[in-house]
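Make the full structure from the sequences, and use the hints.
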Amino acid sequence: MELSGVTREVSMMLLPEAKVGDHVLVHAGFAMQIVDEKEFEEMNALLAEMHGAPRTVNELGS
Amino acid sequence: MSLAAELSRAQQRQVAGELVAEIGRLAEKCGRRLRFMEVCGTHTVSIFRAGIRQMLPENVELVSGPGCPVCVTPDEYMDKAIAYARREDVIITTFGDMLKVPGTESSLSEAKAAGADIRIVYSPLDSLQVAKENPDKKVIFLAVGFETTAPTAAATVLAAEQAGLQNLYMLSAQKLVPPALRLLIDDPEVLVDGFILPGHVSVVTGTEVFRFLETEYHIPGVVTGFEPLQILRSLYRLTKQVAEGEAKIENEYGSVVKPQGNPTSLAVTSKVYEPVAAKWRGIGEIPASGLKMREAYKAYDIEEVLPLPAGQLPATKKTGCRCGEVLKGIVTPHDCPLFGKACVPTHAIGPCMVSVEGVCAAWYKYGKGIFSYGNQ
Chain A
1 MELSGVTREV SMMLLPEAKV GDHVLVHAGF AMQIVDEKEF EEMNALLAEM HGAPRTVNEL
61 GS
Chain B
1001 MSLAAELSRA QQRQVAGELV AEIGRLAEKC GRRLRFMEVC GTHTVSIFRA GIRQMLPENV
1061 ELVSGPGCPV CVTPDEYMDK AIAYARREDV IITTFGDMLK VPGTESSLSE AKAAGADIRI
1121 VYSPLDSLQV AKENPDKKVI FLAVGFETTA PTAAATVLAA EQAGLQNLYM LSAQKLVPPA
1181 LRLLIDDPEV LVDGFILPGH VSVVTGTEVF RFLETEYHIP GVVTGFEPLQ ILRSLYRLTK
1241 QVAEGEAKIE NEYGSVVKPQ GNPTSLAVTS KVYEPVAAKW RGIGEIPASG LKMREAYKAY
1301 DIEEVLPLPA GQLPATKKTG CRCGEVLKGI VTPHDCPLFG KACVPTHAIG PCMVSVEGVC
1361 AAWYKYGKGI FSYGNQ
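Residue numbers (the numbering used here), protein chains in the order written: chain A, 1 to 62; chain B, 1001 to 1376.
Don't take each hint at face value.
[What the hints assert, rightly or not] Computed far set for chain A versus chain B, every beta-carbon distance over 12 Å:
1. Glu2
2. Gly5
3. Val10
4. Lys19
5. Gly21
6. Ala28
[To be verified] Each computed DSS-like pair below joins lysine-lysine, with the alpha-carbon atoms no more than 27 Å apart:
7. B:Lys1298 x B:Lys1271
8. A:Lys38 x B:Lys1248
9. B:Lys1317 x B:Lys1298
10. A:Lys19 x B:Lys1298
11. B:Lys1298 x B:Lys1137
12. B:Lys1138 x B:Lys1271
Hint data in this document are derived by calculation from the structure and do not stem from the laboratory. We treat Cβ as the ideally placed atom computed from N, Cα and C, and that holds for glycine.
Dropping the structure here:
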């Protein structure tokens, strides 16, 4: 696992579904969740919503 | 891609400005001052670092709740950890922020200076190697944290079991967030219009565990991440809900928080641990707000294997520290007679000043002499 350029061993015990190449959130040496790269789209959707567009982001995530 | 990487500084500033203006406009509609609470130490630090309290309009106030795991760990736990650390046959493994937390009479850092074998680890799993290399010692990991850390301790126990290690133990003081939220809402002194819900806790628990805010209390809650823009987004959502008379649980951290959380983590925690009443520093005992090891894993619970004689722990004493009220957002650190005087980061009396995620430490570091202390 590469963390900001540093390579470190991370346990996959709590996230067995992750595959090589996935971006994951790490806490205390354990991979905890696969990161979906949708932050930017969500922000744009929210800005559009503030300007009167209908809500497109799911209320409770995907 | 994170927002900070995707947007230029100028763009981020513009988006922040739009969000703040919209928050102000919506709050105006409510006709009173709104009060939102964050219950995660990482949020606390991010809010102070980015100056979000100062950025918000007059009619929106932020308060910090009991979100720093070190801060809610009671004196007695530290006293037990210190008593174990002083034993010749014990090695303590711990996250670094526990070292300076004051117990009743001393701290782990003082015990270490006096010769105790205390090792800072990055992951609880690092304790396995220490245990393997020191078969004649009892290795005790200080398992402190919220729902995010509990599965890492539980997984370490399972790994120790699998490796056939007989000398690795946990001294557990894990805490659960939802019961603490209930206690806060039920306290008539705590007035909150909505919660910024913890991002990393929700990664593990999912969002459903917070549904009771909506159904039982009609209080909105929004899960979010730790970048300043993510926090502003959650405040926009919260203000909008209050302005529209709604109370829903929303997720503004969908990139890592799923409704079902991380099922493997939840299963691992519940295999090793079961809920139990737990003491929170300055707050007291909260039913079903902690975790203790199940019968089947008692052999890994140091308090079962090697109980401390009652006389070995110091009697509790009062210091005048108002940590408990600070943790509930009832008073600000400034209302504490010790803050900034007897209690400073280099000589902390209360845990809120010890941990970098503590409310007092954040006030001291980011507030002193620079800002007007938010909207207080």
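We went through each hint and held it up to the structure:
Non-interface status of Glu2 of chain A relative to chain B is upheld: no Cβ of that chain comes within 12 Å, the nearest being about 15 Å off. Gly5 of chain A, annotated as away from the interface, keeps every beta carbon of chain B farther than 12 Å; the closest lies near 14 Å. At roughly 8 Å, the least C-beta separation between Val10 of chain A and chain B is not larger than 12 Å, which violates its mark as non-interface. Every CB of chain B is more than 12 Å from the CB of Lys19 of chain A (nearest about 15 Å), matching its label as outside the interface.
At roughly 15 Å, the least C-beta separation between Gly21 of chain A and chain B is larger than 12 Å, which holds for a residue marked as non-interface. Residue placement check: Ala28 of chain A does not keep its beta carbon more than 12 Å from all beta carbons of chain B (closest about 4 Å). Restraint check for Lys1298 of chain B and Lys1271 of chain B: the C-alpha separation of about 12 Å stays at or below 27 Å, so the hint holds. At most 27 Å may separate the alpha-carbon atoms for a hinted pair to count; Lys38 of chain A and Lys1248 of chain B meet this at roughly 22 Å.
For the proposed pair Lys1317 of chain B and Lys1298 of chain B, the alpha carbon gap of about 31 Å is over 27 Å, so the pair is violated. At most 27 Å may separate the alpha-carbon atoms for a hinted pair to count; Lys19 of chain A and Lys1298 of chain B exceed this at roughly 34 Å. For the proposed pair Lys1298 of chain B and Lys1137 of chain B, the alpha carbon gap of about 18 Å is at most 27 Å, so the pair holds. Under the criterion of a C-alpha separation no larger than 27 Å, the hint pairing Lys1138 of chain B with Lys1271 of chain B is consistent with the structure, at around 23 Å.
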